[in-house]
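As a plain string of letters, each chain reads:
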Amino acid sequence: MTPDGLLLAALPEHLLLLGILAILTIDLVSSRPRDPFMPALITVLAAGAAAFSLHTAGHAGAPFPGHFSVDADAFAAKTLLFGLAVPVLFLARAERFDGRFAMLLLASLYGAGLLLSADSLVMLFFGLELLSLPLYALVVLTFRRPESAEAALKYLVLGGVGTAVLLMGVSLTLGATGGLTVDDFRAALASGDVLARGAVVLVVAAFMLKAAIVPFHAWAPDAYEGASVPATAFMATIVKAAVVLALVRLFGPAGAGPGLVAVLIALPLLSMVWGNLAAMRQQGFRRLIAYSSIAHAGYLFLALLGLPDARFEAMAFYVLVYGLTTLLALACLPSGEDWLRDRLNSLKGLYHRDPRAAILIAVAMLSLAGIPPFPGFVAKFLIFRTVMDAGLVAVAVIGLIASYLGIYLYLRVIQYMFMNPAASHPRTEPASGHAAAAALLLVAAVVLVGVFPGVVLGWL
Amino acid sequence: MSEIIAVNLLLFLPVLGGVLLLALPERRPDMVRGLSLLVLTAQLVLAAWLYLQFEAGVPGLQFETRIPWIPAWGVHYHVGLDGLNLLLVLLTAFLGPLVVAGAFTSTTRDVKLFHGMVLFLQFTMLGTFLAQDLFLFYLFWEAMLIPMFLIIGIWGGERRIYATLKFFLYTAFGSILMLAAVIYLAFTVLAQDGTPSFAFTDLYDLGLAVDVQLLLLAAFALSFAIKVPMVPLHTWLPDAHVEAPTAGSVILAGVLLKMGTYGFLKLGFPLFPDAAQLATPLIMTLAVLSIIYGAGLALVQDDIKKIIAYSSVSHLGYVMLGLVSYSLLGVQGAIIQMVSHGLVAGGLFLMVGMIYERCHSRDLAAYGGFAKLLPVYSVFLMLLTLAAIGLPTTSGFTGEFLVLLGAFHAAWPQFEQGITYPLALASAAVLGIVLGALYMLRLVRRLLFGGPRAPEADGGVLRDLSLREMGILGALVAAIFYIGLFPNGFLQKTEQAVIEYQQRVLPAQGGEDRQ
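From first to last, the protein sequence lines stand for chains A and B. Quick note on UniProt numbering: the first sequence kicks off at 1 and runs consecutively. Quick note on UniProt numbering: the second sequence kicks off at 1 and runs consecutively.
I should point out that these hints are in silico values taken from the structure, not numbers from a laboratory. Any given hint could turn out to be false.
Simulated pairs of lysine to aspartate or glutamate, DMTMM-like, Cα-Cα distance not exceeding 25 angstroms [as the list claims (entries may be wrong)]: (1) LYS112(B) to ASP30(B); (2) LYS372(B) to ASP464(B); (3) LYS112(B) to GLU357(B); (4) LYS112(B) to GLU26(B); (5) LYS112(B) to GLU429(A); (6) LYS112(B) to GLU337(A).
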């Protein structure tokens with residue numbers, strides 16, 4: 001590996017690091033607080049563009065053999081994540097936004113980059129921690145209501161449990177296979193040995209906790225509710241995407257062993273059913289998104305059962321569509337007092353106050369529900385196609401029926417916006433300029449993905 | 001070549017209209033209405049021209065477009081006309097401008113969104129009929145739910161939210177299982193041919209095992225039967241109709257329900273012919289049950305909209321009966337009956353809407369003596385009633401007569417072999433006509449005769465039909481009688497496609513033998 005190749009392979013991460021340093025320097029040098037929006041945006045755009053062009057150029061390599069390597073899938077995943085981070089930045093700009101927020105966001109993205117290139121369980125651990133640690137601070141950073149502190153604490157404690165479980169799994173892998181590389185983990189996947197099985201289950205459970213799969217989901221509604229809208233958006237889309245894409249990379253060409261298959265069927269199906277059912281009863285928009293994201297994590301984990309060469313494509317496409325539409329819904333929320341804009345009741349009659357926002361949220365909801373012609377349908381189709389392709393027809397049918405449960409909750413949001421008279425004196429206003437810019441970006445992306453899914457699928 | 005462009009233009013005109021609509025100011029509802037009417041009239045002109053260009057007796061699709069859309073999965077943008085969808089496309093295009101014209105005075109709230117939704121509906125319905133690729137078909141099939149959900153939910157009556165959710169959740173449930181079957185079919189094609197494809201023609205040749213066929217047919221049939229709707233899956237229909245605004249009811253009865261029967265005709269039976277043969281007794285029984293049960297329920301309703309809603313259940317039972325007769329006349333009759341029901345039920349719902357607009361009541365007991373109060377209205381109601389009952393020279397007669405003829409033709413040879421139930425069912429279906437006459441005459445007697453009676457109208461004056469309303473109903477009545485008097489042209493254009501349908505569904509029996 002030449003120094004040049006070494007630099008190129010980790011270029012997106014290097015750019016992120018540069019950005020963090022730049023913002024830090026500006027904050028140190030400047031006498032009064034500076035708006036870190038432009039440097040942060042340029043950093044994320046540069047990292048995304050680097051990942052995109054390296055993917056297109058077909059670059060691959062292992063600058064730190066055994067720890068960090070890149071291939072087409074890794075670059076594709078990084079492009080998706082950094083791309084999704086752009087609207088999050090716009091959303092953050094629309095809220096309270098300062099150097100700390102920007103640095104934490106970029107640091108978390110750096111962690112996602114490491115996670116998606118990890119070749120050893122040590123690097124995997126680093127990546128996952130670097131992804132998660134800034135989040136605890138992000139949740140509490142926009143401290144506006146008492147719930148934020150509580151949410152951050154709950155998130156921190158459960159995140160800590162996840163870390164412990166992962167470490168336990170990693171040490172069991174070492175015990176069972178004598179190594180800490182990804183290949184050792186894959187060997188453990190295939191092995192029927194009790195120790196190896198335990199190791200695999202613990203590692204997968206840690207990932208399930210981070211992605212909020214039932215029964216490891218309890219932190220998500222509270223954390224989403226307590227955090228500010230941009231932090232919620234970041235957790236619900238980018239973190240979830242990073243975790244599932246890292247897991248599919250970790251599995252690599254290996255299939256799930258017999259014991260794990262049962263876990264990978266039962267828990268995701270449970271997530272879909274429980275997430276959808278619980279979401280129906282929510283009165284807060286972010287809690288609804290949280291439960292909906294629990295259900296969507298279910299679809300994603302179900303796709304892990306698919307054949308190795310198909311499941312990355314299915315999951316990446318799903319993550320992209322899910323991320324775009326969830327962000328779109330959050331970007332279009334009317335602005336105002338934090339607790340007020342979070343209430344579903346505030347959405348009543350939104351169509352008459354702000355028709356554009358109402359229509360865009362409706363599009364996001366229908367896409368999340370998987371109703372054509374919106375891209376969520378193609379994504380859902382791809383997931384269940386992958387599952388059925390693996391010979392699990394019955395699982396796919398049950399999954400489809402479970403996904404049917406979700407339709408009602410998204411329709412309820414539409415009902416509130418279009419069919420109910422306006423809530424009395426709603427003190428919310430149309431979304432602010434930066435949020436509108438985010439929405440515009442997202443709509444363009446949703447239309448592109450919706451009309452030409454073939455192009456996106458061809459690229460992945 | 002120009003026909004191919006016309007087919008695509010026909011499909012995408014509403015989308016174009018919708019985009020133009022966005023640019024119009026919300027404060028000028030007259031402009032919004034005018035634009036929608038213009039777009040839909042242009043669409044009707046295109047559809048009529050295509051109908052005239054369509055050549056009878058030519059096998060397969062005409063004016064076909066096939067462009068790769070998602071190449072990795074073998075999904076194509078694939079549309080075209082054949083004898084099965086030709087008349088339904090014409091019907092959809094015909095009802096479009098009438099629906100918009102009918103809503104001139106009845107829909108005054110959120111006019112822009114309303115017309116956007118009507119255009120969206122028109123796009124998805126035409127797409128469903130024109131699609132020749134299963135993925136595309138499913139896309140349109142399901143997308144259609146969204147505008148209908150909003151139309152009932154926003155402009156509907158008191159219990160609109162309940163009705164609209166019931167409508168959406170019922171139909172979406174069927175669609176979910178159909179989606180599983182669609183994905184399964186896609187795999188089977190890939191396994192057999194080595195290349196992915198969703199083209200109907202590729203799927204027709206799969207030659208699946210009977211048990212697989214039965215499962216897949218069940219998934220498709222559930223979705224289609226809910227949409228038709230067949231007893232016992234019909235319960236969403238009265239609720240949806242009663243709560244829907246007039247335009248919603250007209251589109252629902254006029255076109256949406258036909259998507260279910262069209263689904264059976266184009267996909268359900270030809271894709272799974274062996275399973276269809278096994279399921280025929282069940283489907284036939286449910287069809288006759290729908291005819292009689294729907295008519296019976298229509299007989300005891302006091303809500304005018306419910307009478308027409310239940311009569312739809314009954315009339316579509318005839319369509320299903322015709323389809324499973326697998327005879328040339330029966331299937332052609334079923335197609336005519338689909339068109340006829342679209343015109344008649346659409347017209348009746350429009351007439352209910354007109355009177356509701358004036359007096360704000362749908363209660364049969366509140367009205368009487370229209371023959372004196374509203375003479376023009378009464379004449380049109382009589383004419384539509386004649387067609388609903390199926391009196392000769394109306395389209396209703398052509399449809400029901402051919403269906404029953406086909407059913408008897410199919411039943412008789414079996415009767416001679418000692419199988420009696422088809423004949424018994426066909427005979428029972430005739431009862432539906434008698435019941436149909438009863439409930440329609442009850443409606444007419446209550447509305448037209450007796451002492452002049454109507455709830456307080458706006459401004460105290462009960463106006464008879466305006467010129468606009470006469471124009472709408474006049475167009476419908478003209479179409480009904482045209483089909484009744486000159487059905488031959490329609491039959492010629494559908495004949496070849498129906499023969500192909502027979503050959504797919506009855507391969508062993510050499511389809512054509514069955515007249």
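Against the structure, the hints come out as follows:
1. Proximity of LYS112(B) to ASP30(B) is assessed by CA-CA distance (about 10 angstroms); at most 25 angstroms being required, the pair is judged to hold.
2. For the hint pairing LYS372(B) with ASP464(B), the CA-to-CA distance comes to about 10 angstroms; that is within 25 angstroms, so the pair holds.
3. Taking the CA atoms of LYS112(B) and GLU357(B), the gap is near 20 angstroms; set against the 25 angstroms cutoff, the hint holds.
4. For the proposed pair LYS112(B) and GLU26(B), the alpha carbon gap of about 6 angstroms is at most 25 angstroms, so the pair holds.
5. With a C-alpha separation of about 23 angstroms, the suggested pair LYS112(B) and GLU429(A) falls inside the 25 angstroms cut-off, and the hint holds.
6. Restraint check: the Cα-Cα separation between LYS112(B) and GLU337(A) comes to about 31 angstroms, which exceeds 25 angstroms; the hinted pair is violated.
Hint 6 alone, counting from the list given before, is not met by this structure.
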